[in-house]
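Full structure from sequences and hints, please.
Residue numbers (the working numbering), protein chains in the order written: chain F, 30 to 287; chain B, 30 to 287.
Hints may be right or wrong, so weigh each one.
Remember, identical chains collapse to one label, so a pair may be satisfied in a single copy or spanning two.
Below 20 Å or equal to it, Euclidean Cα-Cα: the simulated SDA-like pairs (lysine to any residue) are [to be verified]:
id : residue 1 : residue 2
1  : K141      : E130
2  : K128      : G185
3  : K128      : E155
4  : K128      : S156
Honestly, the hints are just simulated from the structure, not real lab data.
There are 2 protein chains.
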Amino acid sequence: MRELCARPNRLISLGEFAEQFGCAKSSLSEDIAILRGVTSRYGRGIVETVNGSAGGVRFLPFYSDEADRAFIGRICTVLRVPERKLPGGFLYIADLLSKPEIMSRMGEIFAKQFYKLSVDVVVTVESMGVPIALMTAQALGVPLITARRNHTAAEGSSVTINYASSSNRMQTMSLSRRLMEKGQRALIIDDFMKGGGTAKGLEELMAEFGVFVSGAGVIFSTSNPEKKRVERYLPLMVLNNSEGCDTGTADIYPASWL
Amino acid sequence: MRELCARPNRLISLGEFAEQFGCAKSSLSEDIAILRGVTSRYGRGIVETVNGSAGGVRFLPFYSDEADRAFIGRICTVLRVPERKLPGGFLYIADLLSKPEIMSRMGEIFAKQFYKLSVDVVVTVESMGVPIALMTAQALGVPLITARRNHTAAEGSSVTINYASSSNRMQTMSLSRRLMEKGQRALIIDDFMKGGGTAKGLEELMAEFGVFVSGAGVIFSTSNPEKKRVERYLPLMVLNNSEGCDTGTADIYPASWL
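Okay, structure coming up:
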């Protein structure tokens, strides 16, 4: 189980297991059947067996829909504390994004929504979104590709694009040529979406590589502007940022799809 | 086991487990004894039980010293491929840092070295070091604090310092006041150390908060300069960057303490 947890959504062959643990494949099958029963009974995920010579076993870590909703609901409650309101209508969230167990749990919620799309990579742009994107990539068993604000020499040759952020400021992001392959499927993951400018920029960057964007997930989206620059995106929470909410508690709630 | 894996190095009370799984504490104790046997027999970590009313069970994920050494050895072999050499003596490593399972495994190696120091937080500076720092924080069961190159409004009031990087360029990093508490113990984790300027900067930033730095871990350190600006640091790999190694394969090997 430890091995399966460490590599979620990755097919591990029984031969590999048998070698690692020095036991017969037949006794492994029994152990796997037991694991499958336990994880599904307690709503902790699915242990899936794929038959055939290219087969093996994989673990998809997910909780029940009710548990996910309750988890996001608890986070919203924490965020409604008045002390979290900062000047300019900003909300203090840095401590939440710093907790590996919260990022990991949110990553599993995204993975549950997106694992059927068979994405090859998760993409994000540095740097606040890296923790949630990394944990989503881990839950999906794929690499995380991070576009950089400033090109660094250690990345080799790269593609750089300009894009307009929500505040209509021009920004730059670049990505090493070696990191992506044409025809791959990417999932965009970020911490925050206001106008969707960054996600749109990532879509354009992916187009430069001939990479198809399967969808996007963000921890927070704002209710205003209602229309974002990208179409398909799933937020975990929605922050009502309409006029005159500079004081008091944050008007934040779990996204309606949850 | 799934629950223990998801929250390593975190004490979880038997009561909490019993509630979650709807079973008696006595039957849990038996399950935990079985888990302890299995994980230690296969060198997959330690399941530790703490007695008393504040007690519970926790999982420390670590592999054997031999397995760790072999793992880092394999990474070095991958990095010695000539195509990884970039102009200016740089080494292409972005793809490695993008693999959650590699970051997670390295994070566990750091956690194994540092968990006895009872650190309260892992600190790093954006942005290449965030993945390894997050995975180390997860393995240690503590939050990750990321110093920012540019202060953002969403972090509230913060402390900003200037420091000299290896190339003696002045750089800036800032950290939200709310993220740290006086008297905490921090572990610095980063991807790369040349002169140690960034680690030294993080030490100075921690001093501003009255936070004690227990140690530092980096994925790579360079053999030159031999003397770094910080004293206690553990690299996983050492890159020989002496003169005239601009072509050919990278001279990289596992650190001697491994």
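Now for the hints, and whether the structure bears them out:
Taking the shortest Cα distances, K141 and E130 sit within 20 Å of each other both inside one copy (17 Å) and across copies (19 Å). Taking CA atoms no more than 20 Å apart as the test, K128 paired with G185 passes between copies only; the shortest distance there is 18 Å, against 32 Å inside one copy. For the homomeric pair K128 and E155, the shortest alpha-carbon distances inside one copy (18 Å) and between copies (16 Å) are both at most 20 Å. In the homo-oligomer, the alpha carbons of K128 and S156 lie at most 20 Å apart both inside one protomer (15 Å) and across protomers (17 Å), since each shortest distance falls under that limit.
Checked against the numbered hints above, the structure violates none of them.
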